[in-house]
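Enquirer: Residues per chain are reported as follows:
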Amino acid sequence: MNGVLFAQQLINGLSLGAIYAVIALGYTMVYGIVELINFAHGDVYTAGSFVALALLTVLGATGHSAAAAVVFALIVVLLATMFIMGTSGVVIERFAYRPLRGRPRLAPLLTAIGVSFSIENLLQLWYGPSPVPFPQLVPNPFFAVGPLSVGQMQLIVILSSLVMMAALHFFVQRTKLGKAMRATAQDWMAAEIMGIDINKTIALTFFIGSLLAGAAGVITGLYYGNVWFINGFRAGLIAFTAAVLGGIGNTTGAALGGFVIGFVEVMTAQYVGFQWAEVTIFSVLILVLVFRPTGILGQQLSERA
Amino acid sequence: MRDREARELMQLFHAGKISRRDLLARAAALGLSLGVLGGLGVRPAGAAGMTEVKIGVDLPMSGGEAPNGVPTNNGVILAIEEANKAGGMYHFSETLKDDAVNGVHDPAQGAKNVQELIADSAVVGIVGNFNSNVAKACIPITNSAGIVQISPSQTNPDLTKPPAALDLRKANPSKINYFRVCTTDDLQGPVAADYAFRTLKARKLAILDDQETYGKGIADQVEKEFKKLGGQVLSHDGIPKGTQDFHAILTKIKSEGPDAIFFGGVTTTGGGLIRKQMPDVGLKIAYVGGDGIVEDEFLKVAGDSAEGSFGTVAAIDATKVPAAQAFLTAYKARFNDQPGAYSANGYVAAKIILDAVKAAGPDREKVRAWVARLKNYKSMLGTFSFDQNGDTTNRIISVYTVKGGKWTWTDQVNFNG
Amino acid sequence: MARGGAGWLGWILRYRYALLILLLFLAYPLFDHNAGHVNSAADAAVFILLALGLNIVVGFAGLLDLGYAAFFAIGSYAYALAASPFYGLHLPFWPMLLVAAIIAGVFGALLGAPTLRLRGDYLAIVTLGFGEIVPTVFLNLPKYTGGTNGIVGIYQPTLFGYQFGFNPRPYYYTLILVIVLSVIAILRLRDSRLGRAWLAIREDEIAAASMGINLTTTKLLAFSFGAFFSGFAGALYVAKLGIVSPDQFNFTVSFTVLAMVVLGGMGNVFGVIAGAAILYEFQTLFLTDLTQWSHAIGEATRIALLTKLDFVNLKFLLYGLGLILLMLLRPEGLFPARRITAIMKEHQHEALATVEIGEAPVAVPPGEDA
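Protein chains in written order, with this note's numbering: chain A, 1 to 305; chain B, 306 to 722; chain C, 723 to 1092.
These are computed hints drawn from the structure, not numbers from a lab. Errors might be hidden in some of the hints.
Stated by the list, open to error - Within a straight-line C-alpha distance of at most 27 Å, the following computed DSS-like cross-link-like pairs (lysine-lysine) qualify: (1) B:680 - B:480; (2) B:466 - B:637; (3) C:865 - B:533; (4) B:466 - C:865; (5) C:1030 - B:529; (6) C:865 - B:532; (7) C:1030 - B:475; (8) C:865 - B:509; (9) C:865 - B:546; (10) C:1030 - B:637.
Claimed, not checked - Among chain C residues calculated to face chain A with C-beta under 10 Å, some are: (11) 812; (12) 1043; (13) 1046.
Unchecked claim - Now the in silico label distances, taken between C-beta atoms and shown as ranges: (14) A:125 - C:754: 56 to 62 Å; (15) A:65 - B:719: 34 to 40 Å; (16) C:1052 - A:148: 55 to 61 Å; (17) B:391 - A:54: 38 to 44 Å; (18) B:391 - A:141: 25 to 31 Å; (19) B:719 - A:140: 38 to 44 Å.
By construction, the Cβ of each residue, glycine as well, lies at the ideal position given by its N, Cα and C atoms.
Just need the whole structure built from these sequences, with the hints factored in.
Expert: Laid out in structure tokens, this is it:
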């Protein structure tokens, strides 16, 4: 085996996995607190790319703008997109999921897919059925690290997702709101008795999960230079798989799952044959779950079936 | 149902044996509703006594397939509108069916769609489908109904050429009803391979395809021909549907050290993004594709990286055909967009049926027979006839290169001998 | 069975509405001469079979399966490979119909095996994985399955010399017959010892196990019986269509069948049939033809707006909003099974002391809350 090549693919896997991981965080947070597979999450991610694209167009930022202006525009757009997507996550929860809380488990699963289809169609109506170019604001030079080369965008993708994961970890573990989220996830009835506003906490969870997806949307827009209304489907499916692989409900697990799946995908491309990526990803998932039925870092679930 | 009586009445009417007023009176006497007659191509409150004729269209129009179907259908719309503008005794309209279910082209939906189109007796011919597996479900149905079906885009040889195609036209083997205005993979593929080998001097080739019938079909042909020429095919991978990130597969390809990459597929299934990401991993080799990427959409998706890409198209150089230039202008004016890879094909496919109706009358069998006898038909794709299998005799393949951000004609290969 | 003495008359009375609707469906092709519509009805019947099968897994046994299309694919390819020029085989249709179902049933148990220890949504994702793996394998092994080109020229059934051909009507009637037989079989299954064991594990696995129900066999049999009916569906589907290719079995098919089950009313056999028929026609006929209908109405009423609407662009939106609205209005489905309503509500397990389905009471201890 060629070590340099392996290491190079590892870098590819890290940047791909970082994207899956950030999307997986949203899945896992929502699942942890309301036990819902939020199939619309992948489309929230894609919608984030489109919102960012629209904002950039409004600001008139292009690859030829001055560097300072570009950085400023990007920060504004990133924050605005995160806020908009977070809010839309709250709205989706309020209208499509909350009325079904405590109702049959599968009902919100269907509304989630309904929301997913609706978002895709709205994006198609907004920007048309074809892929749309995303302005290339960040140049992508290569840095040589020994025999390896790392693209600037790959570094940005990896670093920014690590920052987001760390911030989320801090928020969930160290803040009062995070504590309320954890309490609600563990037993929402008990949490309610203890005076935690369940609706607010769940809304907050959706806000943060969707905000992260929105950020991922901005970053991949810059990275791939294209957005297409259909992209969220596969990305969402794979990210969800990552969340389950890591142990759904566990944010560290989701991050780990994202990187594992990124790794499996690139190694399949390198050593197996790219067309087998779906098969290897899901085979790894099934194998892991056979031996660890609650994922890599998942705790033993309660008896709720 | 009174289909037969209605049809007999219509025949009398079309043959000029009875007047419109007579027709309506007799129809009323038979208790035929206006709807039934309308379905047969009479418009009682008709615009200046014109006969309503419908062109059926079956394409994937929704979800991720919309970038294939929509621009192709726009070509059809343009042809119909031009025919109506030109006047005559017929008023043409389109009955459009979407064969995508949940965003994926579906043979079962295609089969139902053409059956519905066939059930509407005002439909004289069908333009479609887009995807080969949908065609495999539809051709037997249109064949047994004896209605003409012209595909704008299907390049799979099995759809027309024996022995495989004989299974599809078992009902009426002698009455060819399925035609296509594009040439087949077994011609286009070798040209791409040949061009890569002889002109680009590539000796080692890496192949990617999108695992669709078209993409894999043309990629397999390229592989076969490239090996025959003495070249080496280093790898041939398929792309999982929906992939956005090609860095890993491109890193692998780079490590193999090819002289060129061939991509089988269309812009949206990876053709654009692969080209876009090649520089990300430091790949500076030639990029060759089939007609699926020779469209402006590819230039948009691949951005600056598109420069220097090669693509083959089974048609003569569009810039040398005035009709093609007129089409381009008309398309932009009508749809405020650039044509897609198969817009011109959609236009020509519809135009053939429209011309057949004008020449032979709005009768399915007459239209089919007229199309089957098509000889030296002048179109923006070139002058062509249909052979005994329904394939175009147009065997000129053009090679295009992206120069200055535009697809530019560079070369052509003529198989006509 | 407990009520063996009731006899045929009782049975007919009990299912009088079902029989009436059956008669309507038998008569339907006599009135609709549009082959496309009848074909659409036949395809709806295929999805009814799929929904009936999935209902065993999801509705009866409470195992969430997101990859049911895998078994549909296996059943379809089983017949396609056995009766097409691909391998040069031409095995007769009618025995192959059963063989395809058995093969699908065997795979149901095989693919179910790794999921036995998994609960809830972990199970769902593994089944989803199989749902992705199976069509991808068919796609990636062109030597054995035809790959992306699929298998073409699949032989069509004949019955006493009558060629089914591309006329949808004989398929339609065959499908109705198969559905009727399946419904009878499924109702008997539900009321059998095994059926009661399924309901028991759906309510509370641990309680069921402690009452002596073998979880492994009970679950595997649920997967197996569930997959079995998709084999019928697959064989009939590809025989009618004449072609099979891997992209006909993607995730959205699994999801659609699940939506049919949930929409109809999980666990309720007749509800599931209605759910499948309604959702299928909504998607493939209503949404596909909506534009034309709107234009026709617009022309008839001279309302210009209607003639200009284009609903093709809005298919996903209408479908998505339809799903959301239906679930918001009827979270238990259109026709909830009698006691499912109470069972399915989370955090209300205590309220339930006995489950009553059919005439077979099953004692179930209060469930443990999470």
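Enquirer: Each of the hints needs a verdict: does it hold here or not?
Expert: Results of checking the hints against the structure:
1. B:680 - B:480: Within the cut-off at roughly 17 Å; holds.
2. B:466 - B:637: violated, 36 Å
3. C:865 - B:533: holds, 21 Å
4. B:466 - C:865: Between residue 466 (chain B) and residue 865 (chain C) the Cα gap is close to 21 Å, so the pair holds against 27 Å.
5. C:1030 - B:529: violated, 49 Å
6. C:865 - B:532: holds, 20 Å
7. C:1030 - B:475: Violated: residue 1030 (chain C) and residue 475 (chain B) sit about 40 Å apart, past 27 Å.
8. C:865 - B:509: holds, 25 Å
9. C:865 - B:546: holds, 21 Å
10. C:1030 - B:637: holds, 21 Å
11. 812: violated, 31 Å
12. 1043: holds, 6 Å
13. 1046: holds, 4 Å
14. A:125 - C:754: 56 to 62 Å: violated, 34 Å
15. A:65 - B:719: 34 to 40 Å: violated, 48 Å
16. C:1052 - A:148: 55 to 61 Å: For residue 1052 (chain C) and residue 148 (chain A) the Cβ distance comes to about 57 Å; the hint holds.
17. B:391 - A:54: 38 to 44 Å: holds, 42 Å
18. B:391 - A:141: 25 to 31 Å: violated, 57 Å
19. B:719 - A:140: 38 to 44 Å: Between residue 719 (chain B) and residue 140 (chain A), where Cβ atoms are some 42 Å apart, the hint holds.
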